[in-house]
Structures are given as C-alpha cells and as structure tokens.
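S.K.: Residue-level listing of the chains:
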Amino acid sequence: MEAMKKSNEPLWWAFFGAGGALSALCLPVLLFLVALAMPLGWIETPSYEAARSLVHYPLARLFLFALISLSLLHWAHRFRFTLYDGLQLKHLESLIVVFCYGGAIIGSVFTAFVLWQL
Amino acid sequence: MMSHATRYRKYHPKLYRTRMPIFWWVRKWTNVHFITREMTSVFVAFFAIELLFLLRTLTLGPEAYGAFLVWLETPLALGLNAIAFLMILFHSITWFNLAPKALVIRVGEVRIPPIAIAGSNYVGWVVVSAALSWFILSA
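Chains A and B, in that order, give the protein sequences.
All residue numbers for the first sequence refer to this note's numbering, where the first residue is 1 and numbers rise by one.
All residue numbers for the second sequence refer to this note's numbering, where the first residue is 1 and numbers rise by one.
Since the hints were made in silico from the structure, they are not lab data.
Please note that the accuracy of each hint is not assured.
Unchecked claim - Mimicking BS3-like on lysine-lysine, the simulated pairs with C-alpha atoms at most 30 Å apart in a straight line are:
#1 Lys-101/B <-> Lys-28/B
#2 Lys-101/B <-> Lys-90/A
#3 Lys-28/B <-> Lys-90/A
What the hints assert, rightly or not - Simulated restraints on C-beta separations:
#4 Ala-50/A <-> Arg-19/B: 56 to 64 Å
#5 Trp-42/A <-> Asn-31/B: 35 to 43 Å
#6 Ile-105/B <-> Ser-53/A: 37 to 45 Å
#7 Pro-62/B <-> Phe-63/A: 40 to 48 Å
#8 Val-42/B <-> Pro-58/A: 40 to 48 Å
#9 Trp-116/A <-> Ile-22/B: 17 to 25 Å
#10 Trp-29/B <-> Gln-88/A: 46 to 54 Å
#11 Arg-19/B <-> Phe-99/A: 40 to 48 Å
#12 Ile-35/B <-> Gly-103/A: 28 to 36 Å
#13 Glu-49/A <-> Asn-97/B: 19 to 27 Å
#14 Pro-62/B <-> Trp-42/A: 17 to 25 Å
All of these numbers come straight from a predicted model, not from anything done at the bench.
C-beta atoms are modelled at their ideal positions from N, C-alpha and C, and glycine is treated no differently.
Next comes chain A alone, as it looks inside the complex (with noise of 0.2 Å):
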C-alpha cells in the first residue's frame, strides 16, 4: 500500500495539476450562465430538445468527461492535503486516501456511463 502509493504520487499530482487548470479556465463561466443567469432569467434556458443537441457532439461529450473527471481530481488531491494539514489527521492517512481518490474514481465512471447513454 505505502510503495503504491508512493510510486502513483507524480500521477495524482499531475491529474491535480490538469484539473486545476481546466477548471480555473471554464468553470467561472459555465456556473455563471448555467446556475445563475439561466435561473434568475437574464438569459433564456434551453429546452429539452436544445440541450441535448448541444450534448450530441463526441466532442462536447469528450470535453464534459475530461472537465468532470479532472475537476473531481482535483479536489481529492487539494483536499486529502487539507484533511492532513487543516485538521491534523495524518494518522487516518489511508482512510482518507481511499475515501478521496476512490470517490473521485466512482464519479469519473459514473461521468463516463451518464455521458455514454446520451
């Protein structure tokens, strides 16, 4: 378990690295439009039919998976660093590397099969 994770280390820094990029670059302003000016009515929602056109790109659908997938990376490796430094929990290390990373690895899939079905 310690080698695993040790030698996996450049690998989740670097899935850390790429979602945190991604995300700081098209997030801003896919929950600004998307959960904010939509619901408020500054600008008009798509319907159903318009939505889902706008989703049956291979390449909108490739970027949503690279986008959700990386950003919930992101997050396990920030916040595992959080748990560790923010609250003093290093002795429940391998806890909460599983709970982190394995979290982030369900959503991805879970992000792959939702994305498939469309």
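Given the coordinates of chain A, work out where chain B should sit on it, guided by the hints.
M.R.: Showing chain B alone in chain A's frame:
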C-alpha cells in the same frame, strides 16, 4: 554483527508533542487565505457533481430536466451556487497568479517575466469563457 534488521516506528505516541488546535489557521490572514484557497476544491467538486446530475437528467427525459431546472431556481440552490461561484473565482485567480511561480520559462538567457505568464493565463481565460458562452448561447 547485524542479527536484526533495523525497525522504524512511523509514529511515536510516547514522545511529547504539543497538540495543535483544530483552528490553528485562523490566527493569521495568510493562513486564512491558504485554507480558503484549499477549500475552493470542495466547490469545484460541488459544481462538477451538479453538472453531472444536470447531464443525467438529459438521459432521463424532459420531466427530469424540468424538475432540475425548478430546483436550480430555489433559494437554497441559488445561495449555494452564488457561494460556489465566488469560491471558484477565487480558485481561478489564485491558480493563474501561482502559475508563473511554478512555471519558469526561459528563452535563451532571458527569463520570461512572471507577469507575462500570468497575463497570458488571463487572456486564455477570456478566450475560453467567450467560446463556451458562444457555444451554450447558440442552443
């Protein structure tokens, strides 16, 4: 003669260690700034999951999609999303400002000034935001 391999203990519960209070980080502004930056990741994950559930309603049919849009209009959802928006903005700004410190680019002998790297991040942010807006608003 080495008859036994040296064994190390990872933790030394018998040694004296001062206990750190859980809220050690509120004493200084730099600590609050640091922990706020780290906590932005929770809101990044929150919105990623929200987006995922929105996409899932598109596989379930118009009723599920409509119900999700109604939920987005509730004060609870608007409040959570407003907080998430501010936290994600903080994530973007701290991320773009930190990049020049992690990324040292040299052309020949000359180091590209950090402000140029940060500046190109912000230009990229504007371009990506405009492209995504155009794509979504075309629906």
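S.K.: Hint by hint, say whether it matches the structure.
M.R.: Here is how each hint holds up against the structure:
{"no.": "1", "hint": "Lys-101/B <-> Lys-28/B", "result": "holds, 23 Å"}
{"no.": "2", "hint": "Lys-101/B <-> Lys-90/A", "result": "holds, 28 Å"}
{"no.": "3", "hint": "Lys-28/B <-> Lys-90/A", "result": "holds, 23 Å"}
{"no.": "4", "hint": "Ala-50/A <-> Arg-19/B: 56 to 64 Å", "result": "holds, 57 Å"}
{"no.": "5", "hint": "Trp-42/A <-> Asn-31/B: 35 to 43 Å", "result": "holds, 37 Å"}
{"no.": "6", "hint": "Ile-105/B <-> Ser-53/A: 37 to 45 Å", "result": "holds, 41 Å"}
{"no.": "7", "hint": "Pro-62/B <-> Phe-63/A: 40 to 48 Å", "result": "violated, 24 Å"}
{"no.": "8", "hint": "Val-42/B <-> Pro-58/A: 40 to 48 Å", "result": "violated, 31 Å"}
{"no.": "9", "hint": "Trp-116/A <-> Ile-22/B: 17 to 25 Å", "result": "violated, 43 Å"}
{"no.": "10", "hint": "Trp-29/B <-> Gln-88/A: 46 to 54 Å", "result": "violated, 21 Å"}
{"no.": "11", "hint": "Arg-19/B <-> Phe-99/A: 40 to 48 Å", "result": "violated, 24 Å"}
{"no.": "12", "hint": "Ile-35/B <-> Gly-103/A: 28 to 36 Å", "result": "violated, 21 Å"}
{"no.": "13", "hint": "Glu-49/A <-> Asn-97/B: 19 to 27 Å", "result": "violated, 41 Å"}
{"no.": "14", "hint": "Pro-62/B <-> Trp-42/A: 17 to 25 Å", "result": "holds, 23 Å"}
Comparing the model with each earlier hint shows violations of hints 7, 8, 9, 10, 11, 12, 13; every other hint is respected.
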